[in-house]
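Both chains come to you apart, so use the hints to assemble them.
Respectively, the protein sequence lines represent chains A and B.
Throughout, the working numbering is defined as the position within the first sequence, counted from one, plus 68.
Throughout, the working numbering is defined as the position within the second sequence, counted from one, plus 54.
Some hints here could point you the wrong way.
Said to hold, decoys possible - For each label pair, taking beta carbons as the anchor points, the in silico distance ranges come out as:
| hint | chain 1 | residue 1 | chain 2 | residue 2 | range |
| --- | --- | --- | --- | --- | --- |
| 1 | A | Q163 | B | F75 | 36 to 42 Å |
| 2 | A | Q163 | B | L178 | 40 to 46 Å |
| 3 | B | Q296 | A | E170 | 56 to 62 Å |
| 4 | A | D297 | B | R163 | 28 to 34 Å |
| 5 | A | D281 | B | E227 | 47 to 53 Å |
| 6 | B | R163 | A | A203 | 46 to 52 Å |
| 7 | A | A189 | B | G242 | 24 to 30 Å |
| 8 | A | Q163 | B | F213 | 30 to 36 Å |
| 9 | B | L173 | A | Q163 | 55 to 61 Å |
| 10 | A | L388 | B | F213 | 57 to 63 Å |
| 11 | B | N291 | A | S223 | 56 to 62 Å |
Said to hold, decoys possible - Below 25 Å or equal to it, Euclidean Cα-Cα: the simulated SDA-like pairs (lysine to any residue) are:
| hint | chain 1 | residue 1 | chain 2 | residue 2 |
| --- | --- | --- | --- | --- |
| 12 | A | K75 | A | E122 |
| 13 | B | K326 | A | E122 |
| 14 | A | K265 | A | T287 |
| 15 | A | K218 | B | V140 |
| 16 | B | K326 | A | T287 |
| 17 | A | K218 | B | A324 |
| 18 | A | K218 | A | K241 |
| 19 | A | K241 | A | R142 |
| 20 | A | K218 | B | M253 |
| 21 | A | K241 | B | G242 |
| 22 | B | K326 | A | Y156 |
| 23 | A | K218 | B | D281 |
| 24 | A | K241 | A | I198 |
| 25 | A | K218 | B | S239 |
Just so you know, these hints were derived from the structure itself, not from any lab.
Each residue gets a CB set at the ideal place from its N, CA and C atoms; glycine is no exception.
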Amino acid sequence: MATVELKGIGKVYEGGVRAVQDVNLAVADGEFVVLVGPSGCGKSTTLRMVAGLEEITEGSLTIDGRLVNDVPPRDRDIAMVFQNYALYPHMSVRQNLSFGLERRRSYGSAIRRLVDSGYRAKARGEDGEIAARVADAAQTLGITPYLDRKPRALSGGQRQRVAVGRALVRDPKVFLFDEPLSNLDAKLRMETRTELKALHRQTRATMMYVTHDQEEAMTLGDRLVVMKDGVVQQCADPVTIYERPANRFVASFVGTPTMNFIEGEVRGDTFRAPSVELRMDPTGPRVSGPVVLGIRPDRLRPAGAGTGRLRAQLRVLEHLGDRVDLALMLDCGTPLVCRTAPGAHLREGEPIDLDLDPADLHFFAADEQGLRLA
Amino acid sequence: MNRASRWVYVPLVLGAVAMLFPLWWMVALSLETAERAGAATVGAGGMVLWPDDAQWSNYPEALAQVGSERWTGFLDAMANSIVVTVVTVVATILSSSLVGFGFARMRFRGRGPLFTLMLATMMLPPQVTMIPLFLLFRGLGWVDSLLPLIVPAFFGNAFFIFMFRQFIAQIPEALFEAARIDGCSVLGLWWRILLPMCMPVVAITAVFTFIFVWNDFMSPLIYLHSDDQATLAVALNAFRNQYGGLEAVHYLMAVSVVTMLPCILLFFVAQKQLVDGLGKGAVKG
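With the rest of the complex left out, here is chain B (with noise of 0.2 Å):
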């Protein structure tokens, strides 16, 4: 490495420094006591970046204070959000796939505007499609049930079905016709030859749609009302309300990390396939 691209590393290093300072100030925060806490987040007692003492029983007593029963609030609201992604994940990855399969081999009348218009729908902002995709739910008595968070993934996306339709375009034609002489129906080729070869643009998929929908806080907040229908985002914001004051920063901070830390962990796990894969569905080869 030459002098001159060692420098390229000083504005990397320091980037990498304000995004991480957020996070490490949460985790930091979320082990101090109520006092301190309370303290360094109005600037009173300084900052805290290394706590002297960690109470790592900050914790339990945070998540066991989420919702309106002990334990019972927080406990939903994990199994709410699991169920949400891990439904939505895996829908996403068959309904986008096998849209784009469609868009990219099969041939038939209207393919080319019907495409243009399925990418000319990611132009929209979910606020225009907020008020009647709600009356919509609301007709059908899906509101205050995790359906409506669910079931539009079973209708694919928009961006994962242009990014399967881009990848399935380059693989040979001929594959998918010694896969017909083979015996594969369509159905079968799709599942037994096309999926497994499109891994990269599945794990891109997966990573994206679990972050997203992890994260999410406006489906959830619209469509559910129940406290033991909510996923975690709507019940850490219930907790923050409730417990927002300058005494129980340090609980909300923990529930913070909880939350986000499967986002954090699926990164790490994932980021050999995601960098994989986003190379490979931008460049043709």
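Isolated chain A (complex conformation) (with noise of 0.2 Å):
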């Protein structure tokens, strides 16, 4: 396994049109890491220059300590999962799974394997560790069965985990995926990231991977990279992330239901916005003029009618079994939603009081950048 270094990583395409600026990331050896953020961000951009399929413009790359701006892909020693699997369909599972194996074997002349019988020994025994790989790569997927199947014959479910066998079989110093979830159905993505992650365990490879799914992000990686308009915003493991997110993008990107916003101004050790008043943490760190002021909703908790520190309009009220979303609007128009619970009695349209901790409180400055204040 390699580590993998992108220092001043940058891409501009013909036009002038930039998709990636100066992003620098250093994936450890074994380590996780998620790329993730909005549709146009630059993530798949980033995942496919480390590929070697997009091209570098700016900025080193480097696998294992080797510079690779302008090595060939098949040269750079990595795997990628795509999106639609990308199976060769005239191929058996058996065929797609040992390709990248017979494309880099050492015996692999037909002609000498004809007419020297000290190649055709060695060719062989090569045969023999190929088809151990194969047979390995499947077993550990489960894909056993279906080896000698065309892609055609199988479900998206059973042909992912071709994808992915197709990476593991060559043993590669880097996984690359590029959205590989975003095919399946609901509770087959959910089976298959926990079967990834498993994976991960096992073999200890160093992955990176790609998607606009914070929460696959956040279950998936041991460190994520947050992207957007082609920067990053953060890099931190997802507990960081969620808990001091760096600006208002993250916060708001990261989480569900999204962060609650509140425009407002501190003076002294008081938040005031409109119809807001809140006392803040007296031992936090201390923020003065305007800021917006963010909450989790999973962090805003019903109270006794009066008792709370926040009074809003319960606007509808969504059960999902475990829990319940309320969306709710402040007197001065700004929405809330607040994650609690079933079992309190609430009723649409009437107000409600809500509590919550100071030390749960998020300031980032109200300029366009809303960078973290505290």
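Spelled out as structure tokens, the structure:
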């Protein structure tokens, strides 16, 4: 396995369109790094530059300490799993799995195999080695019964396993995944996600994974790289990303439902908005002036009448089985969402008091960048 | 099937009969005696639709008389036709798919104008290029050899390049990227991934090229002068000139049947692929 280091990586297409800007990232040996962001944020382009499928126009890329900017994909010792599986339709599953190994044979000359008995013996040894590796990968992914089928005779989930198997069988330095679960239905996606995580635990391979699904990113990644408009917004472990988002974009992108924001001002130890007055944590960091306050929906709690710190109108109540989402509206017209446990006697259209821990408040600059203040 | 749709078959059957009748008549005449075939040709003995006493010996006798030497003329012509056709079919498939791949997947300056220029060559009638091409091949010293019939196939055929290009353009890009990561070079990608996936277009190219080259009369007539270089189409024409009289109509028909037999057999063998491929080439999906 290997390390991957991106230093000042950028991508400018012909015509001057910039897709990726100044990405700096060091992926440690055996680490699972997830690039996450909305469509068009440059995450796939970054991954494709690592794969060698897109030319790197700025910066340097090293895999295991070797500069690979101008190295073709086949010589980078990487394997990639694509969103639409990209299995060769005219080959059986077995041939799909062994194709990459066949291309890298040390004894691959058909003519020498015919005329040179020593060469033939070595080639046969290599045949056995390839067959064993294919069998191992198929065993690991549970696709042994399908080895002689063509991809068209497989379900979506089975095809995705074959695609992962094709990467696994080569034992590459780095695994790259480009939204591999996007074509699967919700149930299968969750199952495959768990299997991928288990596979990483088992192989301890270096993996880079691209997704637009923040939940997938949070569950899979040792470390997340949140991107927007071609720029890395924050690079940290999932807990840090959730608990201490670097800016308003990260705060709103990560977490479901999305974080609540209230524009206002801090004077002394109090946050004030048109219909809100909140005492801040006296032991927390100090901020002042115009700010945007952020509160996670799961940190808001319905409170008894007259005892809460916030008062809002309950507009819509959504039962989700194990939890309830409350769509609320402050008097000043700012919408809020509260995620709570079911059981409270709440009625739509009635006012509701909400409580929260001052330590759970996030403060962001009120400007366009919206950087975290505390 | 309802009553209205059944009527559709009436014109179809009539059309099929009209198309098949000359073929049937040719086979029937080829099995007749010289007298009856000659008389039937000028309408004197009535139309022959079923030989009373099939003369199967007409076939070996007719084939033996093709060319100046007994049997040699026919066997030479058959060998020449097979060589020209097989090499041309293989060369057209390889070159057209490779160029179509380039136009579909390679990014290079002038790709659009070059593709348009290539398509424009399809508009040129062959008569326009006939004399310049003859002068070119004469300059190369290739006249009276099979080279002028074979070598151009290695440079692609505009129509088939267009078909390959359209087919390849609808194959997902990720497949090519996966192959590149798996270790394929550009040529390896074409050979191992693309050609097997383009089988419907390969089948169309093979059948159409086979039929065209096997039946081609004009090019061999222009470039081949010696008897031992003639293809079947040219040899058949010489045979017609030699035995054009009414006394040898049955022989002429026998040689004609043998000449067209490979095309008919090929069509039956490749019919499914051909119809399937035409559909796939026309509709994206």
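Q. Under the criterion that the straight-line Cα-Cα distance not exceed 25 Å, is the pair K218/A, S239/B satisfied?
A. Between K218/A and S239/B the Cα gap is close to 24 Å, so the pair holds against 25 Å.
**Q.** Range hint 56 to 62 Å (beta carbons of N291/B and S223/A) holds or violated
**A.** Taking Cβ atoms as reference, N291/B and S223/A lie about 60 Å apart, which means the hint holds.
Q) Taking the beta carbons of A189/A and G242/B, is their distance inside 24 to 30 Å? A) Because 26 Å falls inside the window, the suggested range holds.
Q.
Can you confirm whether the C-alpha distance between K265/A and T287/A stays at or below 25 Å?
A. 8 Å, holds
Q. Does the alpha-carbon distance linking K218/A and D281/B stay inside the 25 Å limit?
A. With a Cα-Cα distance of about 52 Å, the restraint between K218/A and D281/B is violated, given a limit of 25 Å.
Q | Pairwise hint evaluation, T287/A against K326/B, where the allowed Cα distance is 25 Å at most | A | Measuring from Cα to Cα gives roughly 50 Å; hence the hint is violated.
Q: Confirm or reject the claim that L173/B and Q163/A have a C-beta distance inside 55 to 61 Å.
A: 36 Å, violated
Q) Do the alpha carbons of K75/A and E122/A lie within 25 Å of each other, as the hint requires? A) 16 Å, holds
Q) Is K241/A within 25 Å of I198/A, Cα to Cα? A) The given pair, whose Cα atoms are some 18 Å apart, holds under the 25 Å limit.
Q: Indicate whether the distance between the beta carbons of Q296/B and E170/A respects the range 56 to 62 Å.
A: 57 Å, holds
**Q.** Distance restraint hint 36 to 42 Å, applied to the beta-carbon atoms of Q163/A and F75/B
**A.** Violated, at about 50 Å.
Q.
For a C-alpha distance cap of 25 Å, please report whether K218/A and V140/B respect it.
A. Roughly 31 Å between the alpha carbons, so the hint for K218/A and V140/B is violated.
Consistency note: the structure conflicts with the earlier hints numbered 1, 5, 9, 13, 15, 16, 18 and 23.
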